[in-house]
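Number of protein chains: 2
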Amino acid sequence: MKNVGVLGTGMVGNTIGSKLIQLGYSVKMGSRSASNEKAVAWAKSNGAAASYGTFEDAAQFGEVVFLCTKGDSTLDVLKLAKPTNFNGKVVIDISNPLDFSRGMPPSLIPQFTNTNSLSEEVQKMLSGAHVVKTLNIVNCEVMVNPRKSGGDPTMFMSGNDANAKNTVKSILNQFGWNDIIDLGDITTARGTEMILPLWVRTWMATQNGYFGFKIVR
Amino acid sequence: MKNVGVLGTGMVGNTIGSKLIQLGYSVKMGSRSASNEKAVAWAKSNGAAASYGTFEDAAQFGEVVFLCTKGDSTLDVLKLAKPTNFNGKVVIDISNPLDFSRGMPPSLIPQFTNTNSLSEEVQKMLSGAHVVKTLNIVNCEVMVNPRKSGGDPTMFMSGNDANAKNTVKSILNQFGWNDIIDLGDITTARGTEMILPLWVRTWMATQNGYFGFKIVR
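Protein sequence lines correspond, in order, to chains A and B. Numbered continuously in my numbering, the first sequence closes out at residue 217. Numbered continuously in my numbering, the second sequence closes out at residue 217.
Calculated directly from the structure, the hints in this document are not laboratory data. By construction, the Cβ of each residue, glycine as well, lies at the ideal position given by its N, Cα and C atoms.
So, partial list: chain A residues that the calculated Cβ filter (under 8 Å) puts toward chain B:
#, residue
1, Ser107
2, Ser149
3, Gly151
4, Thr188
5, Ile195
6, Pro197
7, Arg201
8, Phe211
9, Phe213
Covered stretches of chain B, going by a simulated chain A footprint (3 or more residues, C-beta under 8 Å):
#, segment
10, 101-110
11, 113-120
12, 139-152
13, 182-194
14, 207-216
Use the sequences and the hints to build the structure in full.
Structure follows, in structure tokens:
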């Protein structure tokens, strides 16, 4: 596996994309327009293996595709990227169904929480793909360098396909994650999405976003 | 502070009550009836400082009162115990709004999650008391002996009153908790209640309930 698509041009997409380039992958960053200025700037500063295009271009390019979009637009982005472009691929869903409509701190978008999750909706929409939820529980710098938390925190994975989770585990290992818990099928993403409210409050209480959750056992 | 009320005769009430006795407190375990057989048996095996009675008896007895009831009956129990009996007291809410009506794994009771929490409803009902949410994120043996997790996990507290949280912190220290994060007011209990779905799934995936969450920072 060599080619990775990254959907989203924000801090998460930027950080994940740059780390993948450092690791030797070829990465296409996708956005709504074919030449989003943030995607152009990112590609320019990341060398020959970095490219950009539309969401659809990036989905077609990647054998693995990272969803680095805001949770309230993830499903719209997948429609733009065309669900069939993901068939047979591993889709790594980092997005969180945060609801800022009531102000800070955010709650979760009601239809995507408790008895459902955003990742389950992603898997339904991308029925030919293997969706794996992971990395959504830490800030983007910790995602690609867990030691930035100051220790060796735990990362969780949720997904229906064992081979896809092996692929994801290998990428997580390359990012520096040593303690990975496979929670089970994609419905277990409810658990990891629902710790975002605790993430936000821990960040507010400690004034430190560089932390991770360790399952002490 | 010497006298503690414990509402609930299940494993949580039993374990918390026995630990408090070991620490030198006097404990009254409360239940629906004045002589619930589990409460009688607990008192018998815990010596002269252990007693039992109704929920109201236990609420009147305690300067600090632990809520060790199932989340779906906590508010009913408080009505039976009479809210005015809690005036001026510290109420330690360990209960979780778990909803088993859809089978396993449980979800959270919708009206007590995401934009609300069970602890906020407890604080509203006990408007003269100082409610602190804590301990709800580990199994009851780890609550009173965090080292049973195999390490030094983090415990969170949420509550509106700083003095009440100092009292709770001192009890948590006596239970063996060294790493305590004060998340803020009682609304922050949304965060700790919402990690129960991850607790359940981690337990299912690892087949081990003796774990804690450490904030690695």
